[in-house]
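Engineer: With the hints as a guide, bring both chains together as one complex.
Listed below are the residues making up each chain.
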Amino acid sequence: MTDASLEFEIQPNSGVPIYRQIMDQVRALIASRRLPQGAMLPSIRQLATDLEVNMMTVSKAYARLEADGALERVRGTGMRVRPPETLPTVAERQEELAPLIEPLVTRAMQLGLTEPQLIASVRSHVKERQSWNKSPSTSRG
Amino acid sequence: MEQIAIDIAGLTKSYDRKQVLQGVDLRVPRGAVVGLMGMNGSGKSTLIKCLLGLVRPDGGSARLLGDDSRNLSPEVKGRLGYVPQVVHQLDWMKVRHLIQYTSTFYPNWDERWVTELVERWRVPLGDRVQALSTGQLQTLAIVLALGHRPDLMVLDEPVASLDPVARRDFLRSILELARDGNRTVLFSTHISSDLERVATHVAILHAGRIASYSELDELKDRVKRLRMRATDDLPRELDIPGLLTSKVEGRSALATVSVVTPGLVDELADRYQAEVRVEDLNLEEIFVELNGHG
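Same order as they appear, the protein sequences are chains A and B.
Be aware that the first sequence starts at 2, since it is given in this note's numbering, and climbs by one per residue.
Be aware that the second sequence starts at 15, since it is given in this note's numbering, and climbs by one per residue.
None of these hints come from the bench; they were simulated from the model.
All residues carry an ideal CB built from backbone N, CA and C; glycine is no exception.
A couple of the hints might just be wrong.
Facing chain A, a subset of chain B residues (Cβ under 7 Å, in silico) [unchecked claim]:
1. Ile205
2. Ser207
3. Arg211
4. Asp231
5. Lys234
6. Arg236
Simulated DEER-style distance windows between Cβ atoms [stated by the list, open to error]:
7. Gly24(B) x Pro84(A): 37 to 47 Å
8. Ser6(A) x Gly24(B): 42 to 52 Å
9. Val292(B) x Ser122(A): 54 to 64 Å
10. Asp141(B) x Ala68(A): 51 to 61 Å
11. Met15(B) x Met41(A): 29 to 39 Å
In isolation and in its complexed conformation, chain B is listed as follows (with noise of 0.2 Å):
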């Protein structure tokens, strides 16, 4: 099996005259579990749309499970599972009927895992599909995506509609999923408390490219906030190597960091005078960060 399970080179993509994506690069390695972050607007729908072949891409290539994503070949789209921010299923039919009809495009589709997906989720298989709300759509439409244990599940904004609990549950499939360490997983969201159980890695879309990729663990170790307090005045405009945001006020700052060493924070207790305490960031608060609105 491939080692890279995606692999985007200097992607772009303009609607009428904005530019979406302006090169974006991103390569995901097999067994990852991506969280893709962004706030509302920065492409990530579009960005997983070309990845799928959904969307031509103006610029730049895109390869998933090997394949050009523009020209699939059907083992890999067999070996694909995919859920839409917006699910559109065949509205007339039973839950039960549209997970048997789905079921019989895959030839190792698992229904003894579905079964247990079915109760785990209590997805209602008596009723029509057009009788769902919003999240039993979207439950159904990610049951089916897991049905026949796909290489590569990407899902768009998965959790959206989900209340706690269906999202908890949701969670927990996607580390079933990932658990043999050969599937790989892609799936965007804004909801960063989602990704800190699951993701090995966060991918933040940001002014059309992505502005940081790195394994969760080591962005938690590296991105840091300093609490500085001077004995005089400090300087209304730090120069700290790495510094995403930082707030001066008299003799005491914040100080964001995308990067700290023990070597950084003596460095910096010594030329401004003060006393530095490193605080702990969370995926949200370094979400924010990244973003630069700290």
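Chain A with its partners taken away, still in its complex shape (with noise of 0.2 Å):
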């Protein structure tokens, strides 16, 4: 048996049919992180085999998580857990920003800016960056 594969619990006679299980638990598997992006899964006839399984009922779940996005068919190889296509949210974009945007609030508080004055001056420079990536070969004079 595969390490991956000691990861599952199967309890053939519950109400919730097989494939289902598989697919809760390999959600649940990349939620925790215990299969982190890009890892690869079990071979079908590999989880079929340790699970003592019918291997139609992993593949069922398989391709049901293909479908759903949570898991991506590489040529030759498998499935592997797919990387989240969606970028971080705004809030956690952000986030980021504060130990920057942190020190320019206090040297604007220094230098006795209101806040209309510093967003202001944030929104020039925001602006002259646009005008700047559309003719990259203007000079900034």
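Structural biologist: This is how it looks when you write it as structure tokens:
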């Protein structure tokens, strides 16, 4: 039995179909990072043998997880955990800025700038960057 | 190879005046592992014997790997494995010799696999067949039927006299046989827990007909018990589509339905002003419900 198969616990006599039990457990293993992004899952044959269930059952669970976007099929290799497609949320990315913003706000207060003046200053820099990106050949004068 | 391994239509059979099979329809696709369930006396053995051409049906048809069951070709017989409920072997032979003898009938006998099975099942090679226990005889019959890796394996109550360890080994062997997705297995049993690991399909024989036949997963996904709790007394007869069994007591009710949908749950909650909880059922519970004894 492979290490990955040991993570699964199947109850054949439960009212939940075995393929659903496998799906639920794969999702839980991904959520808890015990199956990290990009990790390979046991092959269908391997998992079916280890869990002593029909191969079609494992195959069905993997196919549905693939359709849901939790797993991706790697040609000739098997199934792996798919990296999330979405960026971190806006709030998470704003959080990343905090260490840079704190000294900025401190300096603005020391210089006696009001909140609108600080924001206007930030905005003008953003504008400048946008125009710079549009026409990279223009000198910044 | 045939896409349909077993094709039974309108099969009937009576013994004296008792009609055991009253029009059985069953189509099994290649690669399926079908559990045939039914109460004692429901006709499981008769159905299997008709299918294999061992008993002549009164009407209807049964085809097996493309051949008519009444007239199986030697070629199809060579692709079959069968384990009857009551095993008769050549009593005076030693187990080792009986295995050798059987192997000579099959050009594709898988020596290595048989050796593996004999070890796994602790088959006593040196003993005479007549000295074997009922369980050991059944084990031996299964090994002999598996030896040529049949395209279609039919077993009549194969696990009835096996101990839990041997039963587990048996199920493993069935999974190994079915692994390539081309071999088909039909086995009758009334021990539902054995089916849950291995079966792709479940057929339930009731009152001489197939009362239910579907994929096991699908069956578990759709047959559910609804636990209802209403604000007022519920009517004694619940009007629910696909209702199998129900029990009403004042404001509480238990109802088993053959097809649950989110829409049905919402509608019942609305109509009966009730809180409706959906409960999963395992195969044994489903079997009891489908036989109308919930």
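Engineer: All hints are to be evaluated individually against the structure, with a verdict given for each.
Structural biologist: Hints and how they fare:
A distance limit of 7 Å between C-beta atoms decides the matter here; for Ile205(B) the minimum to chain A is near 11 Å, and the interface restraint is violated. Proximity of Ser207(B) to chain A holds as hinted, the smallest CB-CB distance being about 5 Å (cut-off 7 Å). For Arg211(B), the interface hint holds, since its Cβ comes within 7 Å of a Cβ in chain A; the closest pair sits about 5 Å apart. Below 7 Å, beta-carbon pairs count as interface contacts, and Asp231(B) has one with chain A at about 4 Å; its hint therefore holds.
Interface hint at Lys234(B): satisfied, since its Cβ lies 4 Å from the closest Cβ of chain A, which is below the 7 Å cut-off. Interface hint status for Arg236(B): violated, as the beta-carbon distance to the closest one in chain A is roughly 10 Å, over 7 Å. Between Gly24(B) and Pro84(A) the CB atoms are about 55 Å apart, so this pair departs from the stated range of 37 to 47 Å. The hinted range of 42 to 52 Å is satisfied by Ser6(A) and Gly24(B), whose Cβ atoms lie roughly 45 Å apart.
Between Val292(B) and Ser122(A) the CB atoms are about 59 Å apart, so this pair conforms to the stated range of 54 to 64 Å. Checked against the given bound of 51 to 61 Å, the beta carbons of Asp141(B) and Ala68(A), roughly 53 Å apart, stay inside it. Between Met15(B) and Met41(A) the CB atoms are about 33 Å apart, so this pair conforms to the stated range of 29 to 39 Å.
Of the numbered hints listed earlier, those contradicted by the structure are 1, 6 and 7.
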